[in-house]
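Turn these sequences into a full structure, and let the hints guide you.
Chains as they are written, first to last, in numbering that gives the first Met the number 0: chain A, 0 to 240; chain B, 0 to 240; chain C, 0 to 240; chain D, 0 to 253; chain E, 0 to 253; chain F, 0 to 253.
For the record, the hints were derived by calculation from the structure and aren't laboratory data.
This one's a predicted model, so the numbers in the text were calculated from it and none came from an experiment.
Glycine residues also receive a C-beta, built at the ideal position from the N, C-alpha and C atoms.
Heads up, a few of these hints could be off.
[Said to hold, decoys possible] Here are the computed lysine-lysine pairs in the DSS-like style, where the Cα-Cα straight-line distance is at most 27 Å:
#1 120(E) to 162(F)
#2 19(F) to 43(F)
#3 227(E) to 228(C)
#4 43(D) to 162(D)
#5 187(D) to 210(A)
#6 120(E) to 210(C)
#7 151(F) to 7(B)
#8 175(C) to 117(C)
#9 198(D) to 117(A)
#10 151(D) to 43(D)
#11 19(E) to 29(E)
[To be verified] Incomplete in silico selection of chain D near chain A, CB under 10 Å:
#12 10
#13 11
#14 12
#15 152
#16 156
#17 218
#18 219
#19 223
#20 225
#21 227
#22 232
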Amino acid sequence: MGHKSDIKLIVDGKRTDGRTVDQCREVTMEVNVIPAADGSAKVGFGSTVALASVYGPRELFPRFMQESDTGILRTRYNMAPFSVDDRKKPGQDRRSQEISKVMKHALEPVLFLQEFPKVTVDAFAEVIQADGSTRVTGINAVSLALVAAGIPMSHMVTAVSVGKADGELVTDLNGKEDNFGEADMGFAMVHDTGEVTLLQMDGELTLDEIKKLLDMAQTACGQILEKQKKALRDFYVKRGE
Amino acid sequence: MGHKSDIKLIVDGKRTDGRTVDQCREVTMEVNVIPAADGSAKVGFGSTVALASVYGPRELFPRFMQESDTGILRTRYNMAPFSVDDRKKPGQDRRSQEISKVMKHALEPVLFLQEFPKVTVDAFAEVIQADGSTRVTGINAVSLALVAAGIPMSHMVTAVSVGKADGELVTDLNGKEDNFGEADMGFAMVHDTGEVTLLQMDGELTLDEIKKLLDMAQTACGQILEKQKKALRDFYVKRGE
Amino acid sequence: MGHKSDIKLIVDGKRTDGRTVDQCREVTMEVNVIPAADGSAKVGFGSTVALASVYGPRELFPRFMQESDTGILRTRYNMAPFSVDDRKKPGQDRRSQEISKVMKHALEPVLFLQEFPKVTVDAFAEVIQADGSTRVTGINAVSLALVAAGIPMSHMVTAVSVGKADGELVTDLNGKEDNFGEADMGFAMVHDTGEVTLLQMDGELTLDEIKKLLDMAQTACGQILEKQKKALRDFYVKRGE
Amino acid sequence: MQEKYALELINKGMRVDGRKLLEFREIELKTNVINKAEGSAYVKMGETQVIVGVKMNMGTPYADSMGEGVLMCGAEFTPMSSPDFESGPPSPESIELARVVDRGIRESHCIDVGKLVIDEKNVWVVNVDIHIINHDGNLMDASALGAIAALKTTKIPRVDLEKMEIVRNDYVADLPVVHTPINVSVCKVGSNVVLDPTKLEEGSIDSRISISVREDDKICALQKQGSKGIMIGEIPGMMELAMEKSRELRKLLE
Amino acid sequence: MQEKYALELINKGMRVDGRKLLEFREIELKTNVINKAEGSAYVKMGETQVIVGVKMNMGTPYADSMGEGVLMCGAEFTPMSSPDFESGPPSPESIELARVVDRGIRESHCIDVGKLVIDEKNVWVVNVDIHIINHDGNLMDASALGAIAALKTTKIPRVDLEKMEIVRNDYVADLPVVHTPINVSVCKVGSNVVLDPTKLEEGSIDSRISISVREDDKICALQKQGSKGIMIGEIPGMMELAMEKSRELRKLLE
Amino acid sequence: MQEKYALELINKGMRVDGRKLLEFREIELKTNVINKAEGSAYVKMGETQVIVGVKMNMGTPYADSMGEGVLMCGAEFTPMSSPDFESGPPSPESIELARVVDRGIRESHCIDVGKLVIDEKNVWVVNVDIHIINHDGNLMDASALGAIAALKTTKIPRVDLEKMEIVRNDYVADLPVVHTPINVSVCKVGSNVVLDPTKLEEGSIDSRISISVREDDKICALQKQGSKGIMIGEIPGMMELAMEKSRELRKLLE
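Shown next as C-alpha cells:
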C-alpha cells in the first residue's frame, strides 16, 4: 500500500481499467479443469487467474501427524514464477505461508472436519497470473474445487477484495490499485449466513470507510456467489450429459 | 582471540570495566522467570544476560527418536538477533550448534538420565545481551533451571570463563577481552566434587598458565555456586510464602 | 559442451593427453579400500578418481519409508569440495541429485531387490578428483563395491564415457574434452548381455555418429569389465591369504 | 478440564483470574532493556512476556522505494517460552505474528522512512525483532505494543562516512516516529466478546480480529484469525471496541 | 488392476484409449497464455497439461561464458497436479525433468545466446519455468514442447539504460530462436515400443529414452530412464522413431 | 559384546589390537594426493582414513580483520565412511570436528595471514576441507594431522591481476606456514588414560580432551568431549601427555 507514485488511479470516476468504483473486473469460472484432482477449478478476476485443486479426504501420513478426533484441512497458496513482472523464486516465502494459513481459516468454517477423524483434505491454490486480489481469487477457486470434490460443506465461501484508491472506495482491486492505493482489504464470507471468514486489511481507513467497504464487499460477494453457482451448474449439467 | 587492536585491556592492574584480574563482574541470578516452563532462570554477568528454561521429563516424539534404555537431554543455545552489535540472523549457525553440544555434555554428568527411559529433558539457553562469556552464563542459567524444574540431579553445575588479556590471566572475560585478548577458556565444573564438565580454550597458553587458569576458574566457581544456592533459596522461600 | 575456446583438442590424431581417439586413460581399480563398509572400491580413469562404498542390505528407518514388496537401492553421488578447480560447496546440488538418480537406474537392473522386502541397499560414490567422466567412474566403483558387499547380482555393470571432440569421436573424455568438446555421452551396460543401463548425452550428433559411439562404448566396456574382474580376483585372492 | 472451566466462566461473563471480559491484564512496560540494541522494550501482559529489540543497520533501499529506509520485522517463538513450541524453521504462527506487527507499523506510516537516508546508495534498515519469552496468550497485542515502544526509544547511531561504518553507542538522532499504532485483538467466544485472553482461554476462542489503531483513530491493519466465522454485523462494534481500548493502551507509552 | 489391464492391452498391441502403440494423444498448443511472462505456452497432451512461462531478467554472464546470455530452466511438480506429488523441496523427478528440458534447449543451441548481451556487464537471463498443471503421463515430451513453443514467442523488453531497469510490456525484439528441438520419449514395455504413455501406462514401462531432435535431424540430448536396461541393438531404431515423430510434433509449432 | 570386551581389556591395561594404552596406531601420511587441490594430505591412522584438501580462492577480508587472509575449515562425515552416518545437513559432530580443527590452526597462528593479501580489496581465502573416508575412531587427531600436513604443502597460485582471475597450476609461492600445531586427544576410560581409540573403543570412553600443541609447547586449543566429567587435578597431567605425544606426531611432518 501507498508506494509513492504519480499515477492517477481514478479519473472522472473511472478506474485505470475503465471500471466504476464498485464494479468487479470480468469474472470467469470453470469447474473441473484438473482431471487428476478430486475437485478443481479455475477462476479469473480480469487478468488475475488462479487454479485450485482438492485431494481428499485421504489418510494422512506419517501417522503421527494425524489428529485422532478430527480431520484436518491443509492449504497451500502458491504463485507461479512467471505470474509476476519480476520472476518469483519458486517455493514458499513468508507471504505465501501467511496466506496459506488465512486461506485455511477462510474455508474451515464450512467444512465438517470433525466427522473425518485421522484424514486430511488438501487444497491447493496456484496463481498463474497476478494482477491484484490473488488471495481472494484463490479462495473462490478452492471453494469451487471443494464442492466439485464432493467434500461435505454447509455453504459456499465467496471472496473479494475491496479498498481505497485515490480517495475513493473501490471493489476488486487490480494490481496498480493494490500497489499504489491507500488501503486493501481481503474479504471472504458465507454470503447465505453473513459469516465473515477472511478479513485482512492494510492501509489507512476510518471506521466509516470500513463500514462502507464491508457493505461493498458483501454486495460483491452476492454477485460472485451467483457466478460460482452458475459454474457449478454448468459443470453438473456437462457431467450429466 | 587475538584480533589486532591498539586497545589496552589492562592499565595499572585495572581492566576496562575497572575490575581486578581475578574479579567477576556483578553476578545476578533469578529463578523461575518463565512461568510456562517447568523450571527457568535468568543469569547476568555484567551486561551479558542469558535466560534459560527447562521442559520435562516429557515423552519424546516422534517415537523412533526415543532411546529404549535411557532418557536424553536436548540442549539449545541461541543468541537473540538484538543481543549483539551487528544483528545476528535468527536461527542456529555452526557456532551455536557446537555450543549446544558442549552445553549438553557440561550438564549430563549430574543428571540421572538412565532412570528415565524414552523421555527427553529439553533445556534452552537464550542470550539476550552478549558481552563475552555467553556460553558459561547460559550453563549457569540452565543449571538453575534444571533444579527449579525438579529434575533429579546429583549436584549443581557452575561455569565461568577465564583467559589471558594484555599478558595477564583474568577471570570472567568481557566482550573486549574476548575479542582482543590472547586466550579464552570456557569452564564448567561440579564444584563439590572437582569434576570438570566443560573445558574449551582457544588462544596461546603455556602449561603453567593453564594450571593457574584452572585454579582461578575453580575459585570463581566456588563464589558463583554460592550465588546459585542463594538464588534457589530465595526462590523456595518466595514459593513457600 | 561447446564452451567457446581456442583450445585444440586433437592434433595429428593425438588427444591433449597423448591418447588415440578410442583409447581409455590408465584405469586403476582396487576393491575393499573402506573397511567400515560392507563393500567398497576405488576406481581411477587417469586423474579422475572415485571412491564407492556399499552398506546393506539393512533395515530401513523410519519404517514408513519401507516398501512392503521390495527392497530399495539408494544411491548418492557426491563431489568432494577439493575435487575441482573452483572449490565446490559441500552438499547435494541439482546436478548431483540428477546423477544420483541415473546411477540408481544404472545399477537396479542387475540387483534382485524384490527378494529383500523392507530393506535398503545404500551405495555411495564420492569423486575425490574430477577430470571428466566422473559419473561413469563412480558407477564402475559402485558396481565393484556391490559385488564386494556380497549383494546378489546377476552381472557386473560397466560404464564409460564417449563423445565428440574437434570433430572426432572419442572414448573416455577428459576434463578438457568434456568442457570444450561437441558431445558427451555417459554410458553403462551389462556387457555380458548387451543391456544398456545408463545412456545420457548432450551435444550435437547425427544418428550415424551415435551408432558409432555406441560401438565404441561397447568395446571399451569389454576392456573395462576385464579390469573389474581382475580387481575382484585380486581382492578375493588377497582375502583368501 | 481447566480449558472447559475457563469457557464456562466466560459464558457466564467471568474469567479465571477474576477479570471482566473486556479487561486487559496488568501491563508492565520497560524500555531500553537491551544495551546492544538501538531501541528495545520489555512487555509483561499478565504472564505473557515479550522482548522487542530494534537494530539499526545500513542497507540498500528497495528498487520501488528509492529514497526511503527499510523496515523489517521478525518474530521468534523460542522453544523456551512454551511447551508447545519446537526448534526449527519459523512456524506459520510466528510468521503471521511478525507480518501482522509489521503491517501495523508499516501501514500506519509511524516511521518517517523518508528521513532514513544515509547517502545516495545507502539507507537505514530498521530491524524489529520480537522475542517471545513466556507465552500466556495474546502474543499479538503484547508484541505490537513492545514493537512501537521499542521504536519510540530507538536512536540512530552515527555513521563514519569515510569508512562507511556504523559507530555504535554514538547516537545522533532519535528514530523519527510520528504515529503510535496500537494493536487490539478482539476475540469472540460463543456470543461473548473477550479481550486479552490467557493461553488457557485461547483454547476456547472461536475467532478474533487483530485491529491496529492510530492515535487519530485511523485503522491501519486488520487480521481475522481462528477457524470460525464472524457475523458481518458484529465487525463494526469490534472495531469501536478496539479504538476505545487502544486509547487506554496508548497511555502506557507516554 | 487397471494398470495390469493397460499392460495386457499393450502386450496385444492395443491401448486403453484406443490409440496405436506409436500414436501420440491429441495435442492442444496455445501460446501467449500468461500476460506477465515475456513468452508462454500451454500444452495439453491428452489429459496432461503443462504451462511454460519465460521471464527475461537482467544478470551477469557466467565467468566461462562472457558475452553470452544465460539460460535457466526450472520445473515445479505442483502438488495440485497429481495425488502423488507433495509440497516441499524439488523432487529428484522434477529436477531431472528440468535438467533434461534444459539440455535439449541448451545443447541444440536453439537460442543465439551471443545476441543476449545488454552492456559490458549485463546480459539477459532467460528463465524458463515449467509448471505441471495436470499429470497424466509423458511430462517430458509435453514440457519440452511447451518450452520451445514459449521460447519461440518470447519477446525481449526494452531496457532503460540510464536507470538500468527493464521496461516491461515494451518490447524491442523477438528472442533469437534459431533451432527447434523436439523431445520424443521412446518407451519400452516388454518387447513393445510405445510412445506418449498415460500415467496409468507409465506404471508398466520398463525403460524409456528421452531423445531431443533438431529440425536438421541432429540429436542434441539423450536421457535413459527407468529401472530396466535396453538392448544396445534396439537403441538406433528408437532414435529413428524419435526423429520421425519429432517432425510430426514440430509441425505444431508452425 | 565386542565393545564390552574392549572395555575389559582397557581396564586390564591392554587393547584389542595389542597396543599399549598410550600408543598410537601406525600412521601413514601422504601429501599432494589430490591434483586439483593447492594442498592435500591423506592420513591413515590404523583403519581411520582421512583426506584433507586445501583450495585457495579469492575473497574479501572480514571487516574486523582487514589486511589479512581468511581461513575456513569444513568437515564432511560422508555417509560412505561409516554405517552410522547419514546423508543430510552437517551433523553436530562434523561441525564440532571442523571447528576444533579450525581453532587449532587459527589460534596457533600457524598461517601468516598478513601475507595473504592480493590487492586492496582482495585476499586469499584458504579453504580446508576434511573428508572422512573410513571411520575407525579418533577422527579429531587424524583430521588435524591431515590439515596441518595439507597446509604445509599448499602452494599459492598466480593471479592474473588484469582479469582478476586465479591461474590454477601456476604457483608463485608456498603458503606461509610458520607453526606446526598437533592435536592429541587424551581419553579417559574409567581410571585409565587412553590415546588414539578405535571406533570400538570409543564406545567405552567417558570423556576426552582434544589438545592442540604447538612446536614451542604452547597450547592453542582445548575441547573437552563426552558426557562424563574429569577431575580437575587430572587435567595438567593430560596436557603433559599431549605435549609429549605431539612431539612424536610432529616428526611425521618433517
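For each hint, the structure was consulted:
For the suggested pair residue 120(E) and residue 162(F), the alpha carbons sit about 14 Å apart, so the restraint of at most 27 Å is met. In summary, the hint linking residue 19(F) to residue 43(F) is supported, as the alpha carbons are separated by about 19 Å, within the 27 Å threshold. For the hint pairing residue 227(E) with residue 228(C), the CA-to-CA distance comes to about 23 Å; that is within 27 Å, so the pair holds. Straight-line distance between C-alpha atoms of residue 43(D) and residue 162(D) comes to about 41 Å, which puts the hinted pair past the 27 Å bound.
With a C-alpha separation of about 19 Å, the suggested pair residue 187(D) and residue 210(A) falls inside the 27 Å cut-off, and the hint holds. Distance hint between residue 120(E) and residue 210(C) is unfulfilled; the C-alpha atoms sit about 43 Å from each other, more than 27 Å. Between the alpha carbons of residue 151(F) and residue 7(B) the distance comes to roughly 34 Å, so the proposed pair goes past 27 Å and is violated. Among the hinted pairs, residue 175(C) with residue 117(C) is inconsistent with the structure: their alpha-carbon atoms are about 44 Å apart, more than 27 Å.
With a C-alpha separation of about 26 Å, the suggested pairing of residue 198(D) with residue 117(A) holds against the 27 Å cut-off. Taking the CA atoms of residue 151(D) and residue 43(D), the gap is about 18 Å. The hint holds against a cut of 27 Å. Taken as a hint, the residue 19(E) and residue 29(E) pair is honoured in the structure, with Cα atoms around 25 Å apart against an allowance of 27 Å. Because the closest C-beta pair between residue 10(D) and chain A is about 20 Å apart, greater than 10 Å, the hint is violated.
Interface hint at residue 11(D): violated, since its Cβ lies 25 Å from the closest Cβ of chain A, which is beyond the 10 Å cut-off. Nearest Cβ of chain A to the Cβ of residue 12(D): about 24 Å, over the 10 Å cut. The hint is violated. Below 10 Å, beta-carbon pairs count as interface contacts, and residue 152(D) has none with chain A, the closest being about 25 Å; its hint is therefore violated. Using the Cβ-Cβ criterion of 10 Å, the hint placing residue 156(D) at the interface with chain A is not satisfied: the shortest such distance is roughly 27 Å.
Among the interface hints, the one on residue 218(D) holds; its C-beta lies about 5 Å from the nearest C-beta in chain A, closer than the 10 Å criterion. The closest approach between the C-beta of residue 219(D) and any C-beta of chain A is roughly 6 Å, which is under the 10 Å cut-off, so the hint is satisfied. Below 10 Å, beta-carbon pairs count as interface contacts, and residue 223(D) has one with chain A at about 4 Å; its hint therefore holds. Taking 10 Å as the C-beta contact cut-off toward chain A, the hint placing residue 225(D) at the interface holds, the least distance being around 6 Å.
Satisfaction of the interface hint for residue 227(D) is found here, the shortest Cβ-Cβ separation to chain A being roughly 5 Å, below the 10 Å cut-off. The interface hint given for residue 232(D) is met, as the beta carbon of that residue sits about 7 Å from the closest beta carbon of chain A, less than 10 Å.
The earlier numbered hints that this structure contradicts are 4, 6, 7, 8, 12, 13, 14, 15, 16.
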